[in-house]
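*Asks:* One letter stands for each residue in the lines below.
There are 2 protein chains.
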Amino acid sequence: MDKLSTMHRVLMGPGPSDVDARVLEALSRPTIGHLDPAFLDILSKIRELLQDTFRTGNELTLAISGTGSAGMETCVANLIEPGDAMVVCVNGVFGQRMADVAERYGADVTTVEAEWGRVFSPEQIAKALHDKSAKVVGIVHAETSTGAGQPLEDISRIVHENGALLLVDAVTSLGGMNVDVDGWKIDACYSGTQKCLSCPPGLAPVTFSPAATAAMDQRKTKVQSWYLDLSMIRQYWGSERLYHHTAPINMNYALLEALQIVHEEGLEARWERHLRHHRMLKAGLAAIGIEYVAQPGYELPMLNAVAVPSGIDEAAVRKRLLEEYRIEIGGGLGKFKGKAWRIGLMGSSSTHENVLLFLSALEDCLADQGFGFDKGASTAAAR
Amino acid sequence: MDKLSTMHRVLMGPGPSDVDARVLEALSRPTIGHLDPAFLDILSKIRELLQDTFRTGNELTLAISGTGSAGMETCVANLIEPGDAMVVCVNGVFGQRMADVAERYGADVTTVEAEWGRVFSPEQIAKALHDKSAKVVGIVHAETSTGAGQPLEDISRIVHENGALLLVDAVTSLGGMNVDVDGWKIDACYSGTQKCLSCPPGLAPVTFSPAATAAMDQRKTKVQSWYLDLSMIRQYWGSERLYHHTAPINMNYALLEALQIVHEEGLEARWERHLRHHRMLKAGLAAIGIEYVAQPGYELPMLNAVAVPSGIDEAAVRKRLLEEYRIEIGGGLGKFKGKAWRIGLMGSSSTHENVLLFLSALEDCLADQGFGFDKGASTAAAR
Numbered sequence: 001m002d003k004l005s006t007m008h009r010v011l012m013g014p015g016p017s018d019v020d021a022r023v024l025e026a027l028s029r030p031t032i033g034h035l036d037p038a039f040l041d042i043l044s045k046i047r048e049l050l051q052d053t054f055r056t057g058n059e060l061t062l063a064i065s066g067t068g069s070a071g072m073e074t075c076v077a078n079l080i081e082p083g084d085a086m087v088v089c090v091n092g093v094f095g096q097r098m099a100d101v102a103e104r105y106g107a108d109v110t111t112v113e114a115e116w117g118r119v120f121s122p123e124q125i126a127k128a129l130h131d132k133s134a135k136v137v138g139i140v141h142a143e144t145s146t147g148a149g150q151p152l153e154d155i156s157r158i159v160h161e162n163g164a165l166l167l168v169d170a171v172t173s174l175g176g177m178n179v180d181v182d183g184w185k186i187d188a189c190y191s192g193t194q195k196c197l198s199c200p201p202g203l204a205p206v207t208f209s210p211a212a213t214a215a216m217d218q219r220k221t222k223v224q225s226w227y228l229d230l231s232m233i234r235q236y237w238g239s240e241r242l243y244h245h246t247a248p249i250n251m252n253y254a255l256l257e258a259l260q261i262v263h264e265e266g267l268e269a270r271w272e273r274h275l276r277h278h279r280m281l282k283a284g285l286a287a288i289g290i291e292y293v294a295q296p297g298y299e300l301p302m303l304n305a306v307a308v309p310s311g312i313d314e315a316a317v318r319k320r321l322l323e324e325y326r327i328e329i330g331g332g333l334g335k336f337k338g339k340a341w342r343i344g345l346m347g348s349s350s351t352h353e354n355v356l357l358f359l360s361a362l363e364d365c366l367a368d369q370g371f372g373f374d375k376g377a378s379t380a381a382a383r
Numbered sequence: 001m002d003k004l005s006t007m008h009r010v011l012m013g014p015g016p017s018d019v020d021a022r023v024l025e026a027l028s029r030p031t032i033g034h035l036d037p038a039f040l041d042i043l044s045k046i047r048e049l050l051q052d053t054f055r056t057g058n059e060l061t062l063a064i065s066g067t068g069s070a071g072m073e074t075c076v077a078n079l080i081e082p083g084d085a086m087v088v089c090v091n092g093v094f095g096q097r098m099a100d101v102a103e104r105y106g107a108d109v110t111t112v113e114a115e116w117g118r119v120f121s122p123e124q125i126a127k128a129l130h131d132k133s134a135k136v137v138g139i140v141h142a143e144t145s146t147g148a149g150q151p152l153e154d155i156s157r158i159v160h161e162n163g164a165l166l167l168v169d170a171v172t173s174l175g176g177m178n179v180d181v182d183g184w185k186i187d188a189c190y191s192g193t194q195k196c197l198s199c200p201p202g203l204a205p206v207t208f209s210p211a212a213t214a215a216m217d218q219r220k221t222k223v224q225s226w227y228l229d230l231s232m233i234r235q236y237w238g239s240e241r242l243y244h245h246t247a248p249i250n251m252n253y254a255l256l257e258a259l260q261i262v263h264e265e266g267l268e269a270r271w272e273r274h275l276r277h278h279r280m281l282k283a284g285l286a287a288i289g290i291e292y293v294a295q296p297g298y299e300l301p302m303l304n305a306v307a308v309p310s311g312i313d314e315a316a317v318r319k320r321l322l323e324e325y326r327i328e329i330g331g332g333l334g335k336f337k338g339k340a341w342r343i344g345l346m347g348s349s350s351t352h353e354n355v356l357l358f359l360s361a362l363e364d365c366l367a368d369q370g371f372g373f374d375k376g377a378s379t380a381a382a383r
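Protein sequences, first through last, are from chains A and B.
Be aware that the first sequence starts at 1, since it is given in the numbering used here, and climbs by one per residue.
Be aware that the second sequence starts at 1, since it is given in the numbering used here, and climbs by one per residue.
Only chain A is shown next, with the shape it has when bound in the complex:
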């Protein structure tokens, strides 16, 4: 691990984001037992801070012992029984993934599609539920593959008018923009630790509303996944403290510290910071003629997906950014592979300095490939 100890990166990809030294320090504290009262106290504090971050009073709020995709699978696995109808909204990789997961759990899946980068209108969801009723509607709040942010309030109203439960992917949004679980009446919501919470990857915050919990309690079949079965996991996080599996102790230390940092900054100040640096970056990119792939007006503040200019070898740019500037950005995923860059400004990575550094470094890499623009235009625009 010698090389690693001298390694330094500026993490401006689709996650993980830069991790605060306080969180790394917490991660390295001595491991204790998963039934030690001192550790159970940490779990209680995590739940409380997760409730604050999700803006919910949901009792069933906890961190699943896996990464964000395990959070997705937990929500689907616990809400869906074989044969249950589910509508999944697909406008990017993570909507596709949710449909795949739902099918594996035996759901009768109907997909509603939108062009990649575009968001769904409430009418589209209304039409889908008019055509066929569903137990659950799944939708991605912040589609990490396209950089589009999905408004949820009107859709939530329609979903509930049709008697369905609303399942929301907030992997990339939580901690970087408003995710108002109670206000928007979201029934099940999951996230990851390595995006705007700026904790290393390894845990998936999840919250279930009373209605989602009731649906889970009324199941006639066991949850297909033992590891993700909330009916057992909640007896460990709850007052029963029944052993289910050995929780990832140190990762939970780190999550608690990361959530405390979020709490100290304040949710609204944090959202505002993400938005401010997004606007700086956007102005800088516009000055050199680089455009977002997401529908105008719906660009995510923390995940800036932009079109690679024609004639540019996008992989060579990312390689040079990483090797020379130590900046990581993401390539395109799925349909956008080779066509987009994904520039993250998440959590601790969302800083003024990172925006300026990235713009200068990008201009340098583009100039080398003969891309024509006024040198320095972008950083001036971003100031």
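Same chains, same names: a pair is fine if it fits in one copy or spans any two.
Quick list of in silico lysine-lysine cross-link-like pairs, DSS-like style, CA-CA up to 25 angstroms:
1. K222 to K135
2. K185 to K132
3. K185 to K127
4. K222 to K335
5. K319 to K45
6. K185 to K45
7. K185 to K135
8. K335 to K319
In case anyone wonders, no lab produced these hints; they're calculated from the structure.
Once you have looked at the hints, place chain B on chain A.
*Replies:* Frame of chain A, contents of chain B only:
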């Protein structure tokens, strides 16, 4: 997290075990991206060291992004399709768990039972496979709930003579006693990081033989769990380096360091150390009249499950050990709840000093409850 920073425990329960400072330091190194070439290099090194530790040349050897039970579920999920026949050997909590997991994945499960604490004879397995053929036979190598160690070589021969695949739970044994995946012809094997590897919990080492991999490749249905689907995960760990989910970066740093420590000590020296301290503890416990619950001759070196003497409030003893001596031991699980203690001597926790400290502390706690024995007999016996 103030309290935690001053917290110190001697971890002598069923895991987690004490984590070496080198591993904690590795855990706290700066997070980098899951597709960063430097991180992919770490994954390759982990695979190589896991192959050494499992004593296998299996190409499909990697760490699942979840704790030991996720490793169990990964093996079952990838080998079993709905309707497949599986024999599960049950002589404790973890055999029960495997049967539960297998049923959730649609297996047609036949259980073979042995009394808790006893091991299975090859004849029992032969009879079960004579009565009904099976695709997979699942068995626990080191049953953490009873402290019994299961010999596997003869059983493996019988399983293969009957055309089945052998699935082995090595959560508690790997790194603390011989787990000879290739020598014993184990087809699928999983472990956890927090036992004899002395890494914090959060990852599950898994290895699949060519025969198990072929069975996986011949599936007609998708693996029920998306998160644990090895057909995708192996394309990330393999040369394709295809994104599946964001790996728990820092946990993998820690696992690499923990495996390097195992490698530096040497497998045989490590097994011998575990055995030596087990014998010391056993002699000490015998001197004060405390007996093992596992079948004589099959006691595990790393997990010493003993009967609570009659008249002793076992929970009070554990509480005092933790609060006064900062020693964690485990209570009984399942049928042994309230009747057994589980004393771990795993990985970094398996030391001469810990054996002596524990025996002295236990005598003190027992004396307080009026338990009669010659004070000091146990530590003298253990020297």
